[in-house]
Each structure stands twice: as C-alpha cells, then as structure tokens.
Amino acid sequence: MKHGMKDALLAVAVAAGLGLGVATASAEPTGTFRYAEQVKLITMDPQQQSGSGVPYLRPVYESLFERGPDGVPVPLLATGYEVDGLDVTITLREGVAFSNGEAFNAEVAVANINRGVALAIIEGLKTVESAEAVDEFTLRIKLKEPDPAIIDSLCHTGGMMLAPAAIADPALDRNPIGTGPYVYDREASREGEVRVYTPNPTYWDKDKIGLARYEVWELPDDTARLNALKTGQIDAGNWLANPQSAIIDRTPGLKLVRGSGGLNYHVIISDREGTVVPAFADLDVRQAMAHAIDREAFGKAIQFGLAEKSFQPYGKDDWAYDPALEGVYEYDLDKAREYMAKSTFPEGFSFDMPSIPIYQSRLEALAGFFNEIGIRMNIVPQEPGTLARVSRTTSYPATNLVWQTNTDPKFLALRYIYENAAYNPFKTAPSDELLALAEEGLQPVDPAVRAPIYRKMASRLAEEAFLIFVTNTPILFGVSDRTADNETVVYRFGEDSINLRGLKAND
Amino acid sequence: MIRLIVQRLLALVPLLFIVSVLTFSFTSLLPSDPVDLIVGDTATQEQYEIVRERLGMNQPIVVRYVQWLGRAVQGDLGTSFFNSVSVTGAVMQRLPVTLSLTAVSALIAIVVGVAAGMAAALRPRSWIDRFATLGATFGQAIPNFWFGLILVAVFAVNLRWFPATGFTALSASPWDWLRSVILPSIALGTSSSAAIARQVRSAMVGVLQQDYIRAARAQGLSARRVLIKHALTNAMVPVVAVLSFQITVLLGGALVVEQVFAINGLGTLAIGAVRQQDIPMIQGIVLVMVALVVVVQLATDIVYGLLNPKARPS
Numbered sequence: 001m002k003h004g005m006k007d008a009l010l011a012v013a014v015a016a017g018l019g020l021g022v023a024t025a026s027a028e029p030t031g032t033f034r035y036a037e038q039v040k041l042i043t044m045d046p047q048q049q050s051g052s053g054v055p056y057l058r059p060v061y062e063s064l065f066e067r068g069p070d071g072v073p074v075p076l077l078a079t080g081y082e083v084d085g086l087d088v089t090i091t092l093r094e095g096v097a098f099s100n101g102e103a104f105n106a107e108v109a110v111a112n113i114n115r116g117v118a119l120a121i122i123e124g125l126k127t128v129e130s131a132e133a134v135d136e137f138t139l140r141i142k143l144k145e146p147d148p149a150i151i152d153s154l155c156h157t158g159g160m161m162l163a164p165a166a167i168a169d170p171a172l173d174r175n176p177i178g179t180g181p182y183v184y185d186r187e188a189s190r191e192g193e194v195r196v197y198t199p200n201p202t203y204w205d206k207d208k209i210g211l212a213r214y215e216v217w218e219l220p221d222d223t224a225r226l227n228a229l230k231t232g233q234i235d236a237g238n239w240l241a242n243p244q245s246a247i248i249d250r251t252p253g254l255k256l257v258r259g260s261g262g263l264n265y266h267v268i269i270s271d272r273e274g275t276v277v278p279a280f281a282d283l284d285v286r287q288a289m290a291h292a293i294d295r296e297a298f299g300k301a302i303q304f305g306l307a308e309k310s311f312q313p314y315g316k317d318d319w320a321y322d323p324a325l326e327g328v329y330e331y332d333l334d335k336a337r338e339y340m341a342k343s344t345f346p347e348g349f350s351f352d353m354p355s356i357p358i359y360q361s362r363l364e365a366l367a368g369f370f371n372e373i374g375i376r377m378n379i380v381p382q383e384p385g386t387l388a389r390v391s392r393t394t395s396y397p398a399t400n401l402v403w404q405t406n407t408d409p410k411f412l413a414l415r416y417i418y419e420n421a422a423y424n425p426f427k428t429a430p431s432d433e434l435l436a437l438a439e440e441g442l443q444p445v446d447p448a449v450r451a452p453i454y455r456k457m458a459s460r461l462a463e464e465a466f467l468i469f470v471t472n473t474p475i476l477f478g479v480s481d482r483t484a485d486n487e488t489v490v491y492r493f494g495e496d497s498i499n500l501r502g503l504k505a506n507d
Numbered sequence: 001m002i003r004l005i006v007q008r009l010l011a012l013v014p015l016l017f018i019v020s021v022l023t024f025s026f027t028s029l030l031p032s033d034p035v036d037l038i039v040g041d042t043a044t045q046e047q048y049e050i051v052r053e054r055l056g057m058n059q060p061i062v063v064r065y066v067q068w069l070g071r072a073v074q075g076d077l078g079t080s081f082f083n084s085v086s087v088t089g090a091v092m093q094r095l096p097v098t099l100s101l102t103a104v105s106a107l108i109a110i111v112v113g114v115a116a117g118m119a120a121a122l123r124p125r126s127w128i129d130r131f132a133t134l135g136a137t138f139g140q141a142i143p144n145f146w147f148g149l150i151l152v153a154v155f156a157v158n159l160r161w162f163p164a165t166g167f168t169a170l171s172a173s174p175w176d177w178l179r180s181v182i183l184p185s186i187a188l189g190t191s192s193s194a195a196i197a198r199q200v201r202s203a204m205v206g207v208l209q210q211d212y213i214r215a216a217r218a219q220g221l222s223a224r225r226v227l228i229k230h231a232l233t234n235a236m237v238p239v240v241a242v243l244s245f246q247i248t249v250l251l252g253g254a255l256v257v258e259q260v261f262a263i264n265g266l267g268t269l270a271i272g273a274v275r276q277q278d279i280p281m282i283q284g285i286v287l288v289m290v291a292l293v294v295v296v297q298l299a300t301d302i303v304y305g306l307l308n309p310k311a312r313p314s
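These protein sequence lines are chains A and B, in that order. Start counting the first sequence at 1; every next residue gets the next number (full-length UniProt numbering). Start counting the second sequence at 1; every next residue gets the next number (full-length UniProt numbering).
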C-alpha cells in the first residue's frame, strides 16, 4: 500500500514534470497582458512569413516542437521524434483539436508540412522532400539531404500547425486558426493597430491559459512604443539597440531584459578572390581590417552600449559558442598596420560598400576604422529593403548584414561558404577545411556532437577572415517593473516573444 | 452654387486620373522591390519569379495600370500586395481617424487663431498685439512632430492626463476619443492657428479702418455688434482662403503627427505602404487624399461665396 501510494505520487510528479496535463483545480483566466511589437503585421499565415512578426502568431499557432530554456528543442504538439538518415519520424500529441473543432492528427500535420514545402518560403523546410502519415498520430518527413536542424526548424513557423479550414481559406492571412491557447478575435482587433486574442475554449492544456485577453499592439515607432511603456499602456515590448532601449535601461520603473540570441552585425568580403578588388584576395588585408575595428567603441557609440564585441557567428547562449575565440581580432591598430605593411597593398586601396539608412552610422564608423590603415570604404546608399538583394549580386565586392545568432550553424555554409551560397555572389570555392566541416556538421543530430565541429568552423572562418564579425546585440525586451516581477513571464529562447503558456496578467 | 459643386466634382475625374497615372508611374520607378520584401532574404530566384508573376509585376507598367484602372472605376481599389486586406477597407477604416485629427486641429486652429488675431487687431502695437505676434511666430516656427513629443512628455508621460499613444473611436467613447485626439490636435493645429492669427489680425486691422465701420459706430451700434457682424464677417473673407490652405496642410501634417502618437490613421498606412512599396495601397491613399483636398477646396469656395456675395458664381 505504502509502495502503491509512493508510486502514485511519483507518477503524478513525473506526469506533471512532463506537462501531461494532470488535472488540477485551474483558476479562471483573468486580466489582460499587452505586448508591443516593433514590426507591423503583414500576414498571419506562418508559412508565408519571411521575417519578423512571430509574436502575432504564437497566441494562435503552436509548433510541433519548441525551444526549451537551454535552446534545445522539446516536444509541444509532438511527443517525440527519431531521425534515421533521411527519414524523420515524429509522433504527435493525441486529443488535440483546433479552435474550430477540427482534429489535429498526422494527416493534418502532413498537409501543413507539404504546404510549407510547396510554398518554399521557410528556409528551415528547404531540405524537406515531403511528408507522409504513418498512422493517425505518426508522420514521417523525408529529407532531400541530411539535416540535423530539421527539428529546430519545426520549433518555429515551419512547424506551426494550421487547421485544414484555415489552409483552405484565401483570407488566411487575417483568419488564423490553430491549436494555441488563444484565438484571434477579429472583431475586437483593429487593423494596423492592435490584435486581440481571447482564450481558446478547445485548448488541450487549459491550465496554461492564464489571461482573459492578450493584446499585441503594432507600434513600430520606437519613441511611441517607449511612451506607451512608460504610461502603462503596454506591459512589454521588443526593441533593437537604439536610443529608446538605452533610455529604458536607465529609467526607474522600467527594465531592459536581454534575451537569448540576437543579431550579429558583420562585414562580408564577397570578392575574396579579388576579382574586382584585388586586395581582398590577400589574407593579410582581411586580417588587418578585422583588427582595425574597435568593437568596444563601436558598440558604445553606435549601439548605445547594448551590443557586445563579436568574433564569431554564435551568441554566448548558443551551443556552438566557442569562448576560445573571444578577442581573436581584438582592436589593435599597430597589428592591423603591420598586416597591411606586409600585404601586397601596403599603400591601401578603396572599395564600395552598400548601405541602407539604418546601417549608415555603423558604416561611417567602420569607414573611420578602415581609414586608419589606409583603406578607403566608399559608402553607397541603397533603397531600404534592397540590401539583401544587392548583397547577392556582384555589384559590390563587400557588404554588411546581420545574422541571427539563434540560427542553426548549418545555415552559415548555405549563406556564406558553399560555392553556390546565397551571399557568395562571386562563386568563390570554399577552402577544403571549411567544406569538410560544413559537410561533417550535417551528419550528427545531437548538438553536443555537432558543437565541436561548428566551433572548428568558426575558428576556421576567423582564420580566413572573409566574414568579419563586429558586434552582437541580444534580443531586447522593454518591460515595466510589474512585468519584470511577474514570475509567469518567460521569454522564448532566441525569439522576440513571450511564452504564452502559463502567462498571467501583472495584476 | 449647385453648378459650382457639379463643376468641381466633374473636374475631380480628370484630376484623379492624372494623379493615379503619376502615382503609378513614380512608384514603379522606385528601385526597391516589394517582391523582395515578400519572399525574404533566403528566397530562390524561382520563388521570386513565382511571386512576381502572382502580383502581375512581370507585365508592362501600362498593362498593370490599365488593369488597375478597370477595377478602380468599378470601385475596387484592389488588395494589398502583402495580404488579403482590401485597399478600400483599409483606407476607409483609417479615414475617420485622420479626419478626426484634422477636424479637431482645424477647430483649435480657428478658435485660437481667430481669437488671437482679433485681440491683436483690436489693440495694435499693444503688449497683447506683440504677445500674439510673438506667439504666432513661435507657433509657425516649431515643427509639429517636435511639439508633439514635448506634449507627450509633459501631459502624457509625466502628468498622465492624456494617453501617450493610440486613438479611440468617437463611437466607442466620446470622452476617450477627445482625450486621444487632444494632444495630437494641439501639436498639429498650433502652426495653423499661428498662420490664421496673422491673417485675422492683418484683415481686421484693415477692416476696422474702413468707413463703414466708422458709420456703424456712428449709428450707435454696440461695439460687439460692430465687431462680430460688420468687421469679423468681412475680415473672414481672406481668412477663409488661408483656412482652405491650412486644412490641406493639416491633412499632410497629420501623416507625421500620427507617427509620434502611434495613431493608426492614413499617415501610418501611407508610410507603411511606401516603405513596402505596396503600390495598390499607395494608389488608394493618394486618390483619397486628393479627393479630400478637392472637397475641402470646394467647401471653401462655398463658404467664400456665402461670406462674399460678389464671389458667388452667376
């Protein structure tokens, strides 16, 4: 009997730990939580999302997996997975229904994955050939090539599950239907201003619904968002490194939360064989440039002290982060000049760099640093929204972009390293070492096994110095003190949103 | 008068046509590409082409324009490039917001401007006149967005008297509506009130020196009657012309002030559409704004005619 009781308690504790929805006396959802998003909502179709805006989707849609507190994927609508070569088998949670009453099962999940593959907008699904149902609650994804990041991709928009009725709806971008804890209240929402969400009556884990109402305000103007936070019109919001977030950091009653992941600002030497700018083929020149940047001053002056020096593509919270690379290109003007002196271009040279308005001040600072070693960087203005496109062409020998540090490291090769990589417009063949590491990183699935490979890759990238990492800015949340004290506020790993499961209002 | 209204409304048709041609042409000349924004940074050329075809961007500009025009004359301004939101719906949703802002701003501008102008004109070269002139100069010099930021900092963030951001519809709560528009309207209307004050002062000083004013006073009419009925009515004739221009300025200024107060009006919609190069949305906004300006000018002409019988069409 004693053992029986012990076992029962243990079972309850384990089940609770696994989040299996043990029956507890749940309180009625109460109160409102108001979140402000800095980008306007474009579409509520997760599979057509090409950028930001996930905070608008999370209340309604759940993904098959989500990132745990350490960034490692844990099941959400799935219950487990197995990767066997090019086959990924995923078991699904039973008893889940969409908010319109439609059942969630393997057939629906397959339709979702195949739709995402056909639309081909989500980068994380580009390795997927197709999906098929094995049984009612098991699906199999067939890959075109090994992809250890596939489960991670299913933590984001690629793994969000839409109801069949929503998929069939031509106005899906404003009529989202998912399995999430909240439903979109179109009547209460105001287009371009605020999105209102109310509890989902069919939610599979009702104890996790803590709010009577959740609002996402579209406030792209940083000052307006700051004022809304100061006056209590919003409880939290997301920010980039700008004067307004610096104000939050020093305003009593407000708090700037530094989330995991972030944006890594870096310079890309696209013409690394020197087709247009011969000097770029010289490793000494590239290393001189890397040493010439005073990242500390850059972070303070240009990014308001909210950015950290960066020498690798990974953030400090990432599993691939290599502490040994810290300071590898520490600011050292003498060293930079020595590298230039021993290069084949000791007198310096000039090159063009594309710029969009938000990067103008960054590039002016970099131009000043490069000028100190005799390199003249001409800043060429581009229309906003065109930087990525021109960076994929041979119009410029170098460019500057940001890399999201929470992106799986395999994408480094797809974007910068492979001969046909998106941001390798001069089609430079990678070094044997880099190519081998890129291929090696695709074989194992376990991050613990992959980490040493990608650390080597970061080290090799530093040696070749065609990607010059400058600073890393964490994901920033501006919150009120009450939100900061609210223990139910959990920031999603590597994402600019709050986990709504279990979130309660500040009061 | 009815003929005037009909004439003006008929003139609106070619005007809107010309404006739509120009807007379509200029927007298409922009180097940025909405398809890039839709497909994102990691899209392949194939995906890019699919979206480009879906939006009809691979067709010649003339064909695209004619197709758009064919739908527009039937009242369909199309849908956004980026989602299923109809242009007409989006514009009509924001129009009351911008009109609220413009109307309250115009009211503030008229009340403050006329009162200050009259006070200054009644006592020329007095301290009231100098103060009003100084105020008018200050009002015209300060940028409305800067003034808006100051108002927010003082009255919303520090004193908490008004909301810092957002707009409440009149139908939802008249009191909250007033609270939501008062600061942006002051920010927006200050400059116009200064311009109106200057005009009223100048016109009133001239009118008050006219013989008929002296005659009215000699007849023993009360000072108030002379001022309101004889002086102000005549002084308002040139002021109405300024007012027409100022309302157009207020409409334009609302686009900027909406940003400061995060008000979801036509300005916010326009800025978003221009940033994304959402051509159907830009077209719709521009056409509505042009129509609004024409309506304002028509209303001005009507008021002008009522105030000045000589100006009425025969």
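Hint data in this document are derived by calculation from the structure and do not stem from the laboratory. Note that beta-carbon positions come from the ideal geometry of N, C-alpha and C, so glycine has one too. Treat the hints with care, since some could be wrong.
Unchecked claim - A few chain B residues facing chain A, derived, Cβ under 8 Å:
{"no.": "1", "residue": "V39"}
{"no.": "2", "residue": "F82"}
{"no.": "3", "residue": "V242"}
Taking the closest Cβ pair, is B:F82 under 8 Å from chain A? Result: holds, 5 Å to nearest chain A Cβ.
Closest C-beta approach of B:V242 to chain A relative to 8 Å, hint status: 31 Å, violated
Per the CB criterion, is B:V39 less than 8 Å away from chain A? 6 Å, holds
When each numbered hint is compared with the structure, a violation occurs for hint 3 only.
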